[in-house]
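Asks: Chains as they are written, first to last, in my numbering: chain H, 1 to 163; chain E, 1 to 386.
Please keep in mind that the hints were generated in silico from the structure rather than gathered at the bench.
Below 27 Å or equal to it, Euclidean Cα-Cα: the simulated DSSO-like pairs (lysine-lysine) are:
1) 94(H) / 58(H)
2) 258(E) / 162(E)
3) 19(E) / 343(E)
4) 144(H) / 286(E)
5) 162(E) / 136(E)
6) 286(E) / 4(H)
Where chain H lies over chain E, by a calculated footprint (3+ residues, C-beta under 8 Å):
7) 14 to 27
8) 33 to 41
9) 117 to 128
10) 297 to 303
The beta carbon of each residue, even a glycine, is placed where N, CA and C say it ideally should be.
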Amino acid sequence: MDGKDLLILHLLEENSRIPIEELATMVELPVKEAERRIRALEEARIIRKYAAVIDWEKAGNEEVTSIIALKVSPERDFGYDRIAERIARFREVKAVRLVSGRYDLILLVRGRTMQDVARFVSEHIATMDQIRETTTQFAMKTYKENGIPYDEREASERLPYSF
Amino acid sequence: MRDFISEKARIIPHSGIRKFFDLCMGMQDVISLGVGEPDFSTPWNICEASIYSIEQGVTSYTSNRGYPPLRQALAADLARRYNVSYSPESEIIVTTGVSEAADIAIRAVVDPGDEVIVQDPAYVSYAPCITLTGGKPVPLPCREKDHFKVTPDALEEQITGKTKAVLLNFPSNPTGGVMTRDDYRAIADILVDHDLLLISDEVYSELTYEGTHCSPASLPELRDRTITLNGFSKAYAMTGWRIGYLCAPPEISDAALKIHQYVMLCAPVMGQIAAYAALRQGEQDKNEMVREYRLRRNLFVEGLNRIGLRCHMPQGAFYAFPSVEVTGLTDEEFAERLLKEQKVAVVPGSAFGESGRGHIRCSYATSRENLSTAVERMGTFVSDLI
Ligand SMILES: Cc1ncc(COP(=O)(O)O)c(C=O)c1O
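Let's have the full structure, built from the sequences with the hints guiding it.
Replies: So, in structure tokens, the structure goes:
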């Protein structure tokens with residue numbers, strides 16, 4: 001990994017469909033070399049996959065998103081890993097993070113309705129032996145996701161000419 | 001009624017882009033590469049610091065020299081970045097943009113009849129400011145074959161018994177040329193031998209893409225004969241805040257301070273607070289903007305060369321300065337027809353001086369998408385001519 005690799009990653013994260021010639025020109029590499037580096041980054045699983053950022057609210061999808069904080073009793077020999085990995089297997093769970101502070105794990109859970117999510121949590125998560133406490137917060141509105149603000153504010157007009 | 005206009009106001013020219021402004025008015029869908037300012041908004045942490053201070057009621061004059069913590073931070077920043085040391089108490093003045101800094105620097109040192117050698121092509125305000133003091137601007141051609149640098153021979157050629165100062169701007173608006181430490185070394189002896197002052201406008205210093213910026217005041221032999229001008233407009237996307245600064249040895253700084261005191265009193269406090277925040281928290285935002293300019297530069301300059309407009313790779317600022325000679329058009333004709341026929345706005349190089357003739361200035365401080373479309377349109381325009 002060097003500066004050029006990092007730059008390639010930034011460019012792909014911002015737009016994974018950028019034409020390779022354009023990317024190569026921008027990072028000051030021959031196309032072949034840029035391709036080789038991207039392949040290497042894919043093989044090293046540094047590039048996990050190419051995906052779209054979707055405004056689901058706008059798409060009219062009624063799915064609800066909730067942030068669930070868990071207090072967990074760590075297990076001898078495994079710490080938080082085994083329970084976290086178990087939780088991560090559920091399709092409904094989109095993200096799992098071990099965090100510092102009052103709670104131990106933070107989950108992002110998506111479901112069709114609030115009831116579905118609540119039921120999922122009470123039936124599958126809260127019932128696990130190691131879970132000592134859960135709080136469920138439903139997202140009401142998304143303002144920014146993956147670094148992209150959702151409000152379409154017009155950029156302020158610049159003069160067409162200036163020295 | 002009498003004609004009230006002063007002789008000096010009469011002789012300074014209107015800016016060379018006025019005509020293009022008029023042409024552009026009312027046109028839809030124009031892609032502008034004519035803009036000399038960042039397309040980014042000021043990073044939010046900088047804005048936030050200023051907003052907070054306004055809420056706290058910080059709305060008054062500052063000391064004439066500028067908000068002391070800002071001057072302290074500037075001194076530290078200049079030392080760290082460019083290895084130049086200036087005293088925040090006696091050598092640094094915070095100004096209303098580099099525009100004011102250039103003006104008071106010139107007024108502090110130029111007497112009627114003095115000649116000031118000015119890099120050509122160059123930012124348009126220098127020559128009129130010199131004219132307003134009664135001095136005479138003398139153009140110093142910087143050519144594409146020399147990568148738009150100042151060469152010792154070219155400099156020597158312009159020196160006369162009346163020469164008092166040399167005004168340079170690197171990285172350069174409009175060429176994107178830079179001067180390395182060795183380039184400055186090569187002209188330092190000439191400045192010393194002829195006992196000349198150097199006025200160095202370094203407002204694009206942070207937008208240097210290869211290597212690091214050299215501030216000529218970091219050369220010991222130039223330290224006490226240099227006025228360093230710099231500011232926040234370009235590096236931190238802060239054009240509207242109007243903050244620049246002037247650094248010079250105490251006697252020159254004192255003279256400039258008198259002028260500043262009488263014409264400006266002080267730079268706006270909101271801008272000074274924002275600039276202070278920029279120095280403390282703006283580094284990462286700045287670096288990301290610089291990274292983006294460099295990507296755009298690569299993309300755009302490759303595009304220009306591909307469509308047949310020969311373009312030197314700019315090493316700094318955010319301008320490309322391609323030659324339009326192959327098209328058989330003058331730079332003015334090119335700029336005018338390109339605007340009318342393909343709706344791309346660029347500035348003719350001759351607006352920046354005689355030596356800019358035959359080139360156009362294209363600012364790449366606009367989105368990559370705009371740049372790609374602009375290259376496409378310029379390609380269509382050019383393909384009919386070459
Ligand atoms: C070379 C140069 N100097 C000075 C300025 C003015 O800067 P400021 O906004 O600090 O007055 C500009 C702006 O375009 C410039 O290009």
